[in-house]
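These protein sequences, in sequence, are chains A, B and C.
According to numbering that gives the first Met the number 0, the first sequence is numbered sequentially starting from 0.
According to numbering that gives the first Met the number 0, the second sequence is numbered sequentially starting from 0.
According to numbering that gives the first Met the number 0, the third sequence is numbered sequentially starting from 0.
Hints should not be assumed to be uniformly reliable.
[As the list claims (entries may be wrong)] With a Cα cut of at most 20 Å, we get these calculated EDC-like pairs of lysine to aspartate or glutamate: (1) Lys260(C) - Asp409(A); (2) Lys102(B) - Glu208(C); (3) Lys14(B) - Asp55(B); (4) Lys260(C) - Asp423(A); (5) Lys323(A) - Glu208(C); (6) Lys232(A) - Glu214(A).
Hints were generated in silico from the structure; no laboratory data involved.
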Amino acid sequence: MKFRNMSWAPYLLLLPSFAYLLLFFGWPMVQSLQLAFRRDSQILPLRAEPASEEAAITGELERGTTVEVRDVQLFETKAAGGLLTDKVFWLEVSGLNPEGETVQGWALRGQVFVADASRSATGTVRAGSATLRAEAQPDAEPVGELPQGAEIAILAWGKVDSRIAAGGLLQKPQNWLKVSGETADGQTVEGWVERAPIFLKDAKISATGRVQSGEGSKEWTLDYVKRMLNDAKFSQALKTTLLLIVLILPVQFTLAIIMALVLQSQLRFNSFFLYLYAIPLGISDLAAGLVWYTIFTQSGYLNSLLQSLGIIDKPFIFISSANKEWIIIAIVLAEIWRATSLVMVIVVSGLQAIPRDYLEAGEIFGASLWQRLRHIILPLLKPSLQVALILRTILAFQVFAVVVAISGGDVVTTLANETYRWYDISSYNNKNVAAAYSGFIMLLSLGIAIFYLRAVRTQEEKEAVG
Amino acid sequence: MAEIRIENAVKTFGKVVAVNQVSLTVHDQEFVVLLGPSGCGKTTLLRAVAGLGMVDSGRIMIGDRDVTYLPPKARDISMVFQGYAIFPHMNVFDNIAFGLRMKRTPKEEIARRVRESAELLHIEEFLERFPSQLSGGQRQRVAVARAIAVHSGVLLMDEPLSNLDALLRLRMRAELKRLLNEIRATTIYVTHDQIEALSMGDRIAVMRSGEILQFDSPTRVYDVPADRFVAGFIGTPPMNFLEGQVRRENGVPCVAIGDFMLAPIPEMYEELARRDGKPILVGIRAENMETLDAPAADALRVKVLVVEPLGSQNLLTIQIGSDVIKASTHPDFAVAANQDVWIRLPGDKIRWIDRETGRTIIPDLESLVSAS
Amino acid sequence: MSSTTTTQAAPVVRRVRVRDLPVEQQRAIRARQLRRAGTYVLAITIAVWIMLPIWLVGTLAFSTPADVRAYPKQAAPIPFSTDTMEFFLNARGVLPATRNSIVVALLTLTLSTAIAAPAGYAVARYFFRGRDAYRLGILAVRAFPIVILAVPLAVTFRNWGIFDRVYSVALMHTALTLPTTILVVSSVFASVPRELEEAAKVFGCNAFEAFLRVVMPLALPGIAASAIFTFVMSWNEVFAAVVLTLENRTLPALILYNLDKSGDPFKFAGGFFMLVPSLIFIFFMRRYLFNMWGQITK
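Please put together the full structure from these sequences, using the hints given.
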């Protein structure tokens, strides 16, 4: 081996790949851990009293928490040296804090988005008289007049006045109320009245809202991991994933070795067989799932065959929640069908690396095919098999599309499938738990990968010696 | 003028010193062979001349130009590689024309010179073929043709014949020698095959462990090896060594091999006298011993272990004390294994090697060579 | 070289009839023939096991819509019809998704090869400090479930504002294929003898010219095969694609996402449509199969 002078050239050539993998492999890995273990939340502190930033904090709510609005108070604050007054609303809300306890306290209106406010209240006309109008507009047609002191029932809050409505929902009732009351001549009328002349009594707010902002906070948390671990589907997914490995790998390796030996036995059309055997290498797991779906679906080929043979008289429903084991069988078959070629290719290259002398020596000394396999081929293939085993195991942690294609991914689920389910916007839409899942898969793979590196190392050492 | 001068070249790979302070001058149009076992640094030295690996220190001059740190293309050299390095994606014509094209030679000139080189190597009918359609020997010829087509002053050859089978190698050896005689380029030829070196080189530089042990004409390298290594490396079979001890007998130094007293030529007296009582190595080539089937006063009685008839000669494996040596005899000399024979060691053919330094003791080199 | 030109008489081969031989030899010959036949049966059985499912899904993809729905199913597409295939191709989103898939795969191929080629060359040609560490790192990354990283990457892409873009899927796929491509390309470069490059330099090339005129032409077929490999990986990849897109689905992502909403004809035709390229690609790459997938330690 000749060593060139040390130079920067190789490092320059490696740089793009290194940078790329750092950006699109290293960084997502960090990001994944962050998502899984860091709560990147905004916490809204609730105050014991309204209109005071200094008041004691009675509790904290996470952004997105649904709250009940208990009360609303309006405060005027002086700004700009007292020239301008600003109206602010404080809401008293209660909700579940991250620890799951109910907390109650005051928060600024802007921090809580109120979704559907409804209030029940009664009131009286405060001063002068109030004109009821057909619509919540000052120039709308009057429908009646309520005298001072008339008792009114408030039917609805606020007709949208776009200019003000943009500021928030609760501002609307301040302008127009839909009320019913008795006119001076004893008639009951209904209509819109300006908020100003009405005195409200017994205001009861019934509103729900959502915490919209708060103080940003990042903290380490195991919540997402706990949530993943406690999820009923988690243990199912893990079990299924492991079960699939246990069921698939032995068959796959046996088959792969047989295929490799067949290819090594110098048949006619050898290259044609190699091509056929290699085709599944290029088939995606989704396509493989769909292919086997055509066989196992209710009106599929398996039922067609069984029925034409007279074994069954009506189609058997293989893929249903009642027949989990059939779904597993279908997945196992699909995976063996699809991924055995990969193992085969590794085994064939391993076989090609075995000097013919060894096999011929075995033959000369009278070893049968089985003995040669057992005592010569398999021991010499061990490094290849080891590596193939590890590669396949890691790939098995990612089984996803086959499962979805065959069974929809509900009845039988895998780790990768759960990752997607938690991520999916139309499903749980929780990136954090999804990241916890992906972190879990990475962790499993990391263990295998370390093992893998060791295997490769020792093999290279052996090569270096041999 | 394309004299090659290497001055104090040093090249290390990590901790391994591949070339250690080597200086070597190859005259214009001279054919110098770098000979040595694998790992002796000969290829490294050649590559340094080619510019394929820069030396760590020292200087390399081609003609009057210092080329130490110039890239290969700026050195006006050409080279024949051990694995031929024929470009598999070009046909023979394009391979031979490669160097000329790189120098932007006019088309007609390229065609002329490719044809000329191809004719010199008898491959003119293969010009359209691709390397995969050629035999090993033909590829070798293409490699040589490509190297001579560029008409460079310096031709470097890195074990060009080592991938050929024995018969072909024999043929190519003579052909290459004739060819190089014709084109008269300054040539450095690397080989580990001492017969190749002896038969082809104007001078041979024998290398070991990154150093040149001897740089001399083939005859002198063969006849008067500079040290025990050169003596043991060159020649088939290599030089025999017998353990002896310097004694003084009647005031004259002589060497005892067991009970036998070996008389040196008078030119050696002075050097041997200085080593009185010390062990010494007696070196003698197989063909320089006289084998007798009857005792003689100045002959040593030895036992034949093996007889190998080689056609032109018989090679005897002989035991002398604890040493086993080879002696060649005329094929008519009748002898069988386990017989005793007597051998005579002519004083002028004996090379005395200092036991401690391993160097050949040479009092007056000229007298030795003229005596032989 | 020195073959004699004298015409040789055709060798006389005397055929021996097996039954004329001693019993012991008869047995041995029969046993060998039997083993050979057994191997053929085995080889063909495995071939059928692999090809039959493809045949069946192909049958459904080219049956009439009525036959597709029929039960029991037929074993060959008679009468032949492209209606089911057309239905699939005309289904909403399929053609744009196919286009997206091709664009993603081409981008991945280009990016991956462009980044991997220099790295592969460095690993194949230079000896430098950290070379072994780099190679081991690449091996480890390749074994890693990179696809799973699509979830955190989706969050990153949202922050960068490149979520749901065709090229962002290609960025992910490049990360997925890069380690393998580097290993393959480096083995391709390593298979070009260093001497050839040196010869080019001796005969007047600089380093770049030597690469361009000698190394590149010889490495090109291998690199093309590796590019096809990259294309196949990207074309087939579904998890990252479905995670990183919403509107701009690639074909696998579209099919996967619509599985529960679509009927059997869509699935059958979709399955067949997706696996057709692999039949072609593997055919072109068959010489390089062992470079691509068999490489485990080199």
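So, going through the hints one by one against the coordinates:
no. : hint                  : verdict
1   : Lys260(C) - Asp409(A) : holds, 14 Å
2   : Lys102(B) - Glu208(C) : holds, 13 Å
3   : Lys14(B) - Asp55(B)   : holds, 13 Å
4   : Lys260(C) - Asp423(A) : holds, 16 Å
5   : Lys323(A) - Glu208(C) : violated, 63 Å
6   : Lys232(A) - Glu214(A) : violated, 34 Å
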